[in-house]
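J.: Sequence:
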Amino acid sequence: MAQQARQRLVRRTLGRAWGRCVGVVLVLLAPGAWAYPEEALQTLTFTAAKTFNRCVEGSAVPRLSALQVRNLVLGNVAEGEAGVLRRATRWGYYDRAEEEDDRRWLWLVSTRLHERFEDRADKVLLAAGLRATLRYEDLGSVLYYLQRVTIPANVVPIFHPRPWRWPSADRFTHYPIDEARLSAAGEALCDALQETPATLTFDALLEQTAEGTLAALREPIADMQSPWYAFWELGEPGRFGRYGEAGNRFGRAASFPCGTDECQLLDDDPIYAAFAATQHRRALLATMQGILLLQRYRHEHGRGE
1 MAQQARQRLV
11 RRTLGRAWGR
21 CVGVVLVLLA
31 PGAWAYPEEA
41 LQTLTFTAAK
51 TFNRCVEGSA
61 VPRLSALQVR
71 NLVLGNVAEG
81 EAGVLRRATR
91 WGYYDRAEEE
101 DDRRWLWLVS
111 TRLHERFEDR
121 ADKVLLAAGL
131 RATLRYEDLG
141 SVLYYLQRVT
151 IPANVVPIFH
161 PRPWRWPSAD
171 RFTHYPIDEA
181 RLSAAGEALC
191 DALQETPATL
201 TFDALLEQTA
211 EGTLAALREP
221 IADMQSPWYA
231 FWELGEPGRF
241 GRYGEAGNRF
251 GRAASFPCGT
261 DECQLLDDDP
271 IYAAFAATQH
281 RRALLATMQG
291 ILLLQRYRHE
301 HGRGE
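In the numbering used here, the protein residues as written are 1 to 305.
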């Protein structure tokens with residue numbers, strides 16, 4: 001009996017130790033993919049809402065009310081400010097593999113964003129009796145993921161918790177949004193918004209936005225003989241990529257092979273600003289299209305505020 005008691009004590013002790021080890025690992029490796037900072041999320045979402053209202057004015061599609069905009073932003077920012085535990089168990093990378101599934105690590109960690117995205121998208125359109133306040137907060141969560149796949153490191157994707165390396169944050173994520181340039185870009189997006197197919201779904205919009213980011217990485221850097229893969233190098237579908245020859249230096253001086261030459265970019269080079277503006281415009285359009293999907297649905301089903 002004494003021996004059995006000692007064995008049970010050992011098992012409980014080992015179990016607690018294993019649980020603590022797993023907890024420490026999850027906290028240390030809690031990447032949650034990269035996201036725009038709160039201020040950038042607010043800028044993207046407010047600008048999209050304001051531009052959306054101008055674009056649909058005079059049409060059958062209802063404009064957003066001030067309360068709806070507020071709830072959009074609340075849901076958007078709240079999704080980006082997830083606590084450490086949730087970041088530890090939901091990494092949220094985009095997976096371009098043909099057969100997407102909810103891939104898990106240590107049985108606990110959901111490494112892809114798709115499950116969370118689909119859950120929130122279903123609530124936006126399908127949850128019966130959902131109060132309008134919660135519906136727009138859930139839409140804000142969906143918009144957060146649409147915005148996040150305009151960050152190249154999230155769609156390549158690059159696994160990034162590297163506390164032994166500095167900097168460990170992706171530099172594109174914190175590249176400042178040019179608000180004047182973004183607003184001007186929004187004025188030219190009304191036609192693209194109106195051309196959004198009636199059959200578009202949230203899943204298709206996520207894929208379309210992510211694929212647009214990947215297509216941008218295949219484009220040459222200005223007139224150089226190198227694509228943007230010099231900064232973010234694609235891996236095999238379902239696998240992590242890595243930083244390319246230029247490294248994690250977006251916005252900073254960088255040199256990297258360019259065909260037979262060596263290419264160079266300067267600190268705050270206008271080439272960086274142009275690429276960032278393209279991706280921020282992509283995030284703006286995806287956000288507007290996400291809003292359109294809900295507003296069309298509510299109009300077609302007679303569900304006003």
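Among the hints, erroneous ones may be present.
[To be verified] Below, in silico cross-link-like pairs of lysine to any residue (SDA-like), each with a Cα-Cα straight-line distance of 20 Å or less:
#  : residue 1 : residue 2
1  : K50       : E39
2  : K50       : E195
3  : K50       : W34
4  : K50       : S255
5  : K50       : C190
6  : K50       : Q295
7  : K123      : T201
8  : K50       : G212
9  : K50       : T133
10 : K123      : P176
11 : K123      : A274
12 : K50       : H299
13 : K50       : A254
In short, the hints are calculated from the structure, not lab data.
Given the structure is predicted, the values throughout are model-derived calculations rather than measurements.
J.: So, for every hint listed, does it hold in this structure?
T.: Here is how each hint holds up against the structure:
1. K50 to E39: 16 Å, holds
2. K50 to E195: OK: K50 and E195 at ~19 Å, within 20 Å.
3. K50 to W34: Violated: K50 and W34 sit about 26 Å apart, past 20 Å.
4. K50 to S255: 40 Å, violated
5. K50 to C190: Holds - the C-alpha atoms of C190 and K50 are around 12 Å apart, at most 20 Å.
6. K50 to Q295: Cα-Cα ~14 Å, so holds.
7. K123 to T201: 13 Å, holds
8. K50 to G212: It is violated: about 23 Å lies between the C-alpha atoms, which goes past 20 Å.
9. K50 to T133: The given pair, whose Cα atoms are some 19 Å apart, holds under the 20 Å limit.
10. K123 to P176: 32 Å, violated
11. K123 to A274: The given pair, whose Cα atoms are some 36 Å apart, is violated under the 20 Å limit.
12. K50 to H299: 19 Å, holds
13. K50 to A254: Between K50 and A254 the Cα gap is close to 37 Å, so the pair fails against 20 Å, i.e. violated.
Going down the numbered hints, you'll see the structure goes against 3, 4, 8, 10, 11 and 13, while the others check out.
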